[in-house]
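Asks: Sequence:
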Amino acid sequence: MKKIILFTVATVMALTAYAKDIKTVTFTVDPPMHCEKCEARIKNQLKFEKGIKKIDASAEKQTVTVVYDADKTSTAKLSVSLKKIGYAAKIKK
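The numbering of the sequence shown is the working numbering, which starts it at 276 and goes up by one.
Simulated from the structure, these hints should not be mistaken for laboratory data. All C-beta atoms in this analysis are idealised placements derived from N, C-alpha and C, irrespective of residue type, glycine included. Among the clues, some could well be false.
Said to hold, decoys possible - Just the calculated beta-carbon pair ranges, DEER-fashion:
1. K295 with G361: 17 to 23 Å
2. P307 with V355: 15 to 21 Å
3. P306 with D346: 29 to 35 Å
4. A315 with K352: 17 to 23 Å
5. D305 with D346: 27 to 33 Å
6. E311 with A345: 26 to 32 Å
7. K358 with K329: 19 to 25 Å
8. K367 with D344: 19 to 25 Å
9. I366 with K322: 32 to 38 Å
Unchecked claim - Below 16 Å or equal to it, Euclidean Cα-Cα: the simulated EDC-like pairs (lysine to aspartate or glutamate) are:
10. K298 with D344
11. K358 with D305
12. K298 with E324
13. K365 with D346
14. K325 with D296
15. K329 with D305
16. K359 with E314
17. K359 with E324
18. K328 with D305
19. K325 with D305
20. K359 with D296
21. K312 with E335
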């Protein structure tokens, strides 16, 4: 009985250690994106940030949506990364 309880406790602790804080943020960027090359440039820049799970850049909607692990990066770091390639990012409400 003690072994089962210990195993259960160890399993719960292990699963908790691997729990991730996955978040989604949508930015608008300035200057505006005009084409697929603009979208690709943004995606290529952001994919090097730690914790990035998914990036969607849309010139049509003028938005960049990023799914990321908040334990590894932040919206501030993502904004700085975009600024490196000339885009000022603002979180869309």
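Asks: Give a verdict on every hint.
Replies: Results of checking the hints against the structure:
1. K295 with G361: 17 to 23 Å: About 31 Å separates the Cβ atoms of K295 and G361, which means 17 to 23 Å is violated.
2. P307 with V355: 15 to 21 Å: 20 Å, holds
3. P306 with D346: 29 to 35 Å: 32 Å, holds
4. A315 with K352: 17 to 23 Å: 21 Å, holds
5. D305 with D346: 27 to 33 Å: 29 Å, holds
6. E311 with A345: 26 to 32 Å: 29 Å, holds
7. K358 with K329: 19 to 25 Å: 21 Å, holds
8. K367 with D344: 19 to 25 Å: The hinted range 19 to 25 Å holds for K367 and D344, with Cβ atoms some 20 Å apart.
9. I366 with K322: 32 to 38 Å: For K322 against I366, whose Cβ atoms are near 20 Å apart, the range 32 to 38 Å is violated.
10. K298 with D344: Between K298 and D344 the Cα gap is close to 6 Å, so the pair holds against 16 Å.
11. K358 with D305: Measuring from Cα to Cα gives roughly 10 Å; hence the hint holds.
12. K298 with E324: Since the Cα atoms of K298 and E324 sit roughly 14 Å apart, the hinted pair holds (cutoff 16 Å).
13. K365 with D346: Answer violated: K365 to D346 is near 21 Å, above 16 Å.
14. K325 with D296: 13 Å, holds
15. K329 with D305: Roughly 21 Å separates the two Cα atoms, so the pair is violated.
16. K359 with E314: 15 Å, holds
17. K359 with E324: Answer holds: K359 to E324 is near 12 Å, not above 16 Å.
18. K328 with D305: The hint is violated at about 23 Å.
19. K325 with D305: 23 Å, violated
20. K359 with D296: 26 Å, violated
21. K312 with E335: 13 Å, holds
In summary, the structure is inconsistent with hints 1, 9, 13, 15, 18, 19 and 20 from the numbered list given earlier, while agreeing with the others.
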